[in-house]
Every structure is written in C-alpha cells, then in structure tokens.
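Chain H is already provided as a structure; the job is to place chain V on it using the hints.
Those sequence lines, one after another, are chains H and V. Letter 56 of the first sequence, counting from 1, is numbered 56 in the working numbering, and no numbers are missing. Letter 29 of the second sequence, counting from 1, is numbered 29 in the working numbering, and no numbers are missing.
Same chains, same names: a pair is fine if it fits in one copy or spans any two.
Quick list of in silico lysine to any residue cross-link-like pairs, SDA-like style, CA-CA up to 20 Å:
| # | residue 1 | residue 2 |
| --- | --- | --- |
| 1 | K114 | S127 |
| 2 | K56 | H40 |
| 3 | K56 | A69 |
| 4 | K114 | R102 |
| 5 | K56 | H133 |
| 6 | K114 | P129 |
| 7 | K56 | Q72 |
| 8 | K25 | Q151 |
| 9 | K114 | D126 |
| 10 | K161 | Q151 |
| 11 | K43 | Q18 |
These aren't lab readings, by the way, just hints derived from the structure by calculation.
There are 2 protein chains.
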Amino acid sequence: MNEELIIDLQSDAYFMQQALREARKAYAASEVPVGAVVVHEGKIIGRAWNQVESLKDATAHAEMLALTAAQQALGGWRLEKCTLYVTKEPCPMCAGAIVHCRPDRVVFGCGDPKAGAAGGWINLLDSNPPLNHRCDITSGVLGGESLELLQTFFREARKIKKLQNWGES
Amino acid sequence: MNEELIIDLQSDAYFMQQALREARKAYAASEVPVGAVVVHEGKIIGRAWNQVESLKDATAHAEMLALTAAQQALGGWRLEKCTLYVTKEPCPMCAGAIVHCRPDRVVFGCGDPKAGAAGGWINLLDSNPPLNHRCDITSGVLGGESLELLQTFFREARKIKKLQNWGES
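Isolated chain H, as found in the complex (with noise of 0.2 Å):
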C-alpha cells in the first residue's frame, strides 16, 4: 500500500485543507479568499469563509463567523480544547476576537507580514500579559497554497478593474 495516500484525519495539514476548502468557496463568491474551521477534540465545529462583500458586514472574516459557529456548537463561549484553522494569519480584529474565544491553538496557512497580529506585525495571541489569555501558534501549513490563491485573486481583480477602466474611457 502507498504510503503516500494514507490521509492523517488528525493532522494539521488534513484540516487546513478543510480551511482552504472554504477559502475557494469565497474565491467563487468574489470574496477575499480566506476560510477557516474550529476543531475540538478532533472534530470540525464550525467553518466560514470570508463574506464582507456578501453580507455587507466588514467584520465578517471567515475567523469571526468560524469563532461564533463553533461558540453555538459548543453551547457556550469558552473554545478550550479547541484549535482555529485558518488560511491567513488573523488581522488584530480576528486575533482580539480569538483571545476573547480562548482555543488552545491557533494554526494558519500564509503570514501577513504587512497587518498580521499573530506575529507578522503585532502578536496579540501572546500578550503575555495584559491580555488574559495565550495561544500556541502554529504557521506556514499549507501556506503556499493559503498565499497562492490570495494572489491568483488580486491579479484577478486588477485585471477586471482595468478592464472596467478602459470600458468606461
């Protein structure tokens, strides 16, 4: 047997192609491609993708709608023993919202050197005080595929601005 074709149902990598699932459903929605899964105890509790465009609502990252589905699941909002996938670091919004949740991990695909709060510009997930809770934090999984589809959709929407430019000229 291959053993190339074994798929780990636990592992990292298994879960942040379920987070990049999502993401390539907000790419076909025209949306910022970034999706994310919550995971407890092996076991995905909640998923998103990214839809501010969709619901008009610019707090709709795929990490706030994953956070608050998970939070029903789970009855209550206290995330422990949990672990948030998603395929973008968290900007300081998302990261401030997973400190309120409280998962025990944060995994994610591609940095974001530039606005990033898990490390790439700010690290709010490890405080280390004042914030009043830590998250180990895992990066680069999957992260070329996470980043790739990022930018396969900006070129994509330059090019569609330009063309809507040179219609209207």
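Same frame as chain H, now just chain V:
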C-alpha cells in the same frame, strides 16, 4: 430660560448618554455594562449593549453589535461620516473591527490602561500605517459615569460570588 436645561442634541455628551442607556441595559441583564451607538450625520443608526453571556458569544461586544447594526442601516460596510460612541475604550478586537468599518471618529467614556486599543495599551485606531484607516479619537466623555457603572457591576459580582462560596462551604 435656564440655559442648563437646553440639551444639545448634536453634542458628544448627548450621544454618550445614549450609549450609557445601552450600558445600563447590559447591567440589568447581568452583562458587563458597556454600551455603544453609531451616529451618521446626527442620527443614531446603530445601538447595542454588551451581550456576551446572553448570546453565549465572546465576540458580542457592544461595539461589534452596534457596528453591524449601522452597516445594515446604511446598506454597506463603509461607515463614512459616522461616529462610534462607546462607554469604555475599545479592546483590540473592537478597535480592529472599527478600522475595517472606517467610521471617521471614535468617542469613548472611560479609558482602559490595561488592555485598551485606542491609546490605553496600544493604539490600533491611529497606527498610521500599517492599518489602512485612521479615526479621530475623543476620550473621557462622561468617563466618570461610565467607569462608575463598571465598578459597581464588578463590586456586586464579587459580593454575589462571595455569598455563593459561603453557601457552598
């Protein structure tokens, strides 16, 4: 006519009173008493109080709910020509959300030197860059009343906890 009786319906103090009304609703619901309103061209278009326990959602801060309500009222996520009034300095999550929604101004009551993200601990509202929006900040509007409400809440909460511990011992 007594000038003191004239209420300036466009003043920061007036709108902060409205935010304090929301905070008192939180207090009555046994929630940490923080309230917020969003004002667009002199009109309140979103109002909310902290509902973390009621909604079992740690992201349900007054600011988040008021921002979402305001976006719904305007039919889009850009809160241009808007001011957010909130009784306590925003946390990193809420400050990050404010930057995404882009109101012109943020006015808050009491500061939070420990974990505030509008200058108390860090300043996400005027990071100049990397974040892609900056807000004018006014602090200390009805700060005394806002702080007193929070202090009373936590004093009562400690008293109740002490009684519960006594009952269990």
